[in-house]
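Throw the hints in and build the complete structure from the sequences for me.
Given next are the chains, with one letter for each unit.
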Amino acid sequence: MAIRRIGSLLLLAMLATVGCGYTLAQAQEPSDLTKLTLEELMKIDVVSINVLATHIHFAGQWMVAYEYMLEDMDGNRDGTRRVNHAQILQQFDTAPTNMSVETHMATVMYAPTDDVTLSAMLPYLLKAMNHVTRTGVRFTEHSEGLGDLQLGVLGTVYRVGRFEHELLLNAGVSVPTGSIDEKDFGPNRTLGKLRLEYDDQLGSGTVDLLPGITYLGQSANWAWGSEMIPTVRLGRNSNHYRLGNRYRLSAWTARKWTDWLSITSQIDGQLWENIDGADPRLNPAAAPTKDPNRQGGRRIDLLLGLNLYAPSGILKGQRLAVEAGAPVYQSLDGPALQMDWLVRVGWQWIF
Amino acid sequence: MAVDLLNARILKLSTSLRALPAVLRLATITGAGVASVAVPNAHAQSPEVREYQIKAAFIYNFIKFVDWPRDALPEGSETINICVLRDDPFADALESIKGKTVKSRRVAVRRIEPGRDLETCQVVFIGSSEGKRLPRVIESLQGLNVLTVGEMDRFVELGGIINFFVQNNRVRFEINVNSAERAGLKLSSQLLSLAKVVRQ
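If you read the protein sequences in the order shown, they are chains A and B.
Numbered according to the numbering used here, the first sequence spans residues 757 to 1107.
Numbered according to the numbering used here, the second sequence spans residues -1 to 198.
The set of hints was computed from the structure by calculation and includes no laboratory data.
Since the model is a prediction, treat every value here as computed from it, not as a measurement.
It is possible that some hints are incorrect.
Beyond 12 Å from chain A on every Cβ pair, some chain B residues (computed) [claimed, not checked]: (1) E49; (2) A54; (3) R84; (4) A106; (5) R109; (6) S127; (7) V169; (8) Q188; (9) R197.
Listed below are the simulated DMTMM-like cross-link pairs for lysine to aspartate or glutamate, each with C-alpha atoms no more than 25 Å apart in a straight line [what the hints assert, rightly or not]: (10) A:K791 <-> B:D90; (11) A:K939 <-> A:E1079; (12) B:K96 <-> A:D849.
Using N, Cα and C, we set each Cβ at its ideal position, and we do this for glycine too.
Spelled out as structure tokens, the structure:
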């Protein structure tokens, strides 16, 4: 219910932005700039920030953003092959059936120069995983709280024209602010709350490096880009394990329809490794979710989205984006829960 | 097979978001559905074209605030000539002000070679492609009542009069008042109040 309420509110906000955007689109600067005075010309933006150019931050600008993401995992997979609960329960006491992960992500960015942007991102996570046991008992484990804080620096190292082509390098670090000691009741409540499996924890417990490279391209009506940001985990956490490194490569394109509306498509490939070490409180024979060697995988998602942007007026600099997608390929070192679909709704304000 | 799988998942997703069809209907009713019939912006420009068009409008305005000696702009003359060196792409942007009237004269845009026909120009735009040849170009304009306008580092230090630069995504300009005096041009105080003034 809470999810639906949030979704409805965001969609209503989106409608309001669309309405405002349509109104604002009627009140643009004149096509003949000679009608403007020198004072007026000095107030015109050289790069007309439109719905395609929301990644551009000029010196002194701030950006605050909020994104809500809902990921739904349903059913299990071993390699690329689907496996049902009965097959898993031949080997384990418990099998996961489905899981939802809600992420509320708050982001703040600041650009000290035209070529450098500093960022801080803090997620708040809500996880729920459903299980079934050999005896047919069904139960749900919940975890909720702050995730890992990500701090980053984004720098333009090469630029052609005014933002036609840009190459950026990312240097980031993930600080282990998320808990790795989450507990909840299992099928037998008399045992009290027990340590939750790796996927239900909120953080990595390690300091992780987030180096990356991003390419951005833009023409009058199109924007496109590609990004590779691996997550390289360092050391082992206090529970004696290290989550696997994650390698992510994505490419996207956006088509502008007006200065305030664009349609986006994205292909997102990810590879994540198995866990190194193991949490001694998790019995790998009890459930595949507790086995550190069944946590890796590969996946390719396709996503479609809509971007709304207010280029002027009282909402100037605000953007609303909605994106939804599903995997077209996934291979898991399972059996493990497979991704079914995901939805993202984001708002950002540049000022 | 993969497409079928994707379709099935999208169908499931749309079923999950039960509120969506109602919201979309509302969007259509309220006019937000205009998104679906919106057409691409036919007048979309690349950032560089836009920057040049803004600068062209600046030059059109500069002319209003500069007084040329009578010899350089005789009464009764029909045109004010803005000259662009060689094949600088800025000439295309100046087409937007070509034929407009300022100081009771029609704006004409001419492409010229350095050292040739400079005496017929009231304004000479020197693009960044002339950067290495700038000292020679400035030298060839000495003694002429020409407003030189550029867009490169050290333009005014090397003797140019007005130089464009971009700061915080907006066009700004600097003026070397001594160069203007040497060219026999009078600049209005209003123009100077908006410029970064350089005396050299």
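Comparing the hints with the structure gives:
no. : hint               : verdict
1   : E49                : violated (5 Å)
2   : A54                : violated (7 Å)
3   : R84                : holds (20 Å)
4   : A106               : holds (15 Å)
5   : R109               : holds (21 Å)
6   : S127               : holds (15 Å)
7   : V169               : violated (6 Å)
8   : Q188               : violated (8 Å)
9   : R197               : holds (21 Å)
10  : A:K791 <-> B:D90   : holds (19 Å)
11  : A:K939 <-> A:E1079 : violated (32 Å)
12  : B:K96 <-> A:D849   : violated (82 Å)
In terms of the numbered hints stated before, the structure departs from hints 1, 2, 7, 8, 11, 12, listed from lowest to highest.
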